[in-house]
Amino acid sequence: MTFKTLLIAAGLMTVTSFSATAMDITIEDNLTGGGFSYIGKAKDAQHGQGIDVIGGDAYEIYSMVISRTDAGIMTVTIDTNFVDYNTQQNINFGDLFMSTTGWNPTGNAADGYQDDNAYTTGTTWDYVYDLNGARNMKGDGSANYTETNTTSARLRELAAYDMSNPADADNFKYGTGRRTIDSGDHLYLAKNDAFGNTVNAGGQHDVSININPSQSYLQFVFDVSGTALHTADQIAFHWAMSCANDIIEGEANFNVPEPAALGLLILGLTGVAFTRRRRQAR
6 MTFKTLLIAA
16 GLMTVTSFSA
26 TAMDITIEDN
36 LTGGGFSYIG
46 KAKDAQHGQG
56 IDVIGGDAYE
66 IYSMVISRTD
76 AGIMTVTIDT
86 NFVDYNTQQN
96 INFGDLFMST
106 TGWNPTGNAA
116 DGYQDDNAYT
126 TGTTWDYVYD
136 LNGARNMKGD
146 GSANYTETNT
156 TSARLRELAA
166 YDMSNPADAD
176 NFKYGTGRRT
186 IDSGDHLYLA
196 KNDAFGNTVN
206 AGGQHDVSIN
216 INPSQSYLQF
226 VFDVSGTALH
236 TADQIAFHWA
246 MSCANDIIEG
256 EANFNVPEPA
266 ALGLLILGLT
276 GVAFTRRRRQ
286 AR
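Counting along the sequence shown from 1, when you hit position 253 you're at 258 in this note's numbering, and nothing is skipped either side.
Hints in this document: simulated from the structure, not taken from any laboratory. Heads up, a few of these hints could be off.
Derived CB-CB ranges, DEER-like [as the list claims (entries may be wrong)]:
1. Ser147 / Ser169: 46 to 54 Å
2. Gly61 / Gly112: 19 to 27 Å
3. Ala174 / Thr203: 28 to 36 Å
4. Ala115 / Gln239: 20 to 28 Å
5. Gly112 / Asp29: 35 to 43 Å
6. Asp120 / Gly60: 33 to 41 Å
Straight line, CA to CA, 30 Å or less: simulated DSSO-like cross-link-like pairs of lysine-lysine [unchecked claim]:
7. Lys143 / Lys196
8. Lys178 / Lys143
9. Lys196 / Lys178
Glycine is no exception: its CB is placed at the ideal position from the N, C-alpha and C atoms.
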């Protein structure tokens, strides 16, 4: 490898390492398509076996796509049919829960984490994107509709909580359980008493809906700069509509160490090559 080639390669690796946090990371929720599906199977006769969604296609969540810029703008796009069904039957959008301390659902992917819920999970949610007044956004009946609310939603820290404490558990709202229709044990909303600090209130905080025959989605764009969400290598995400007839949950990995490490190695080799050339020139 020539000296010039080393310099070019080092530059490319350095650029790659700096741009890693801007890439799109997808969490799939598609049991029938063979992909990952959180809470993908029910255990009782009422819901059947091997189902991903209760109540039909209107509640289907397909995926969540996450990106984070170096400036600290997080974008979370949820591909779901429910965008066109929101507010019907008094059902609406839930909050987005996030954890920077690890994703530890009960059970395993093979059984759809069917034993995991708000009380049994090992995941501690430490941030929530509170939709507030934006949770009731709905279309106007047209086939193509978009709307963005920039005034209601806020990123908030969650205060420390213990679900075995009834007072703490009462600070959240829960959607339909997956084993029986009455258990209602999956988070969809954090009440005011669950909140710690409001984060970056003056920054960008958008909630958008896009209703389109080809693909409908719900999108959050919010400022995480200066928080653990800005620097964490792994972040867990959880979202459901208020009935929790479908739930998407998983972990996004923002850490791409290989290009950065390789860039450092090449920079080191560049230095060695440069030193050798200087010695040979003497």
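Hints versus structure:
1. Ser147 / Ser169: 46 to 54 Å: 48 Å, holds
2. Gly61 / Gly112: 19 to 27 Å: Since Gly61 and Gly112 have Cβ atoms about 25 Å apart, the given range 19 to 27 Å holds.
3. Ala174 / Thr203: 28 to 36 Å: Violated - the Cβ-Cβ distance for Ala174 and Thr203, about 23 Å, lies outside 28 to 36 Å.
4. Ala115 / Gln239: 20 to 28 Å: 21 Å, holds
5. Gly112 / Asp29: 35 to 43 Å: Cβ of Gly112 to Cβ of Asp29: about 28 Å, so the range 35 to 43 Å is violated.
6. Asp120 / Gly60: 33 to 41 Å: 22 Å, violated
7. Lys143 / Lys196: 22 Å, holds
8. Lys178 / Lys143: 21 Å, holds
9. Lys196 / Lys178: OK: Lys196 and Lys178 at ~7 Å, within 30 Å.
The structure does not agree with the numbered hints 3, 5 and 6 stated previously, though it agrees with the rest.
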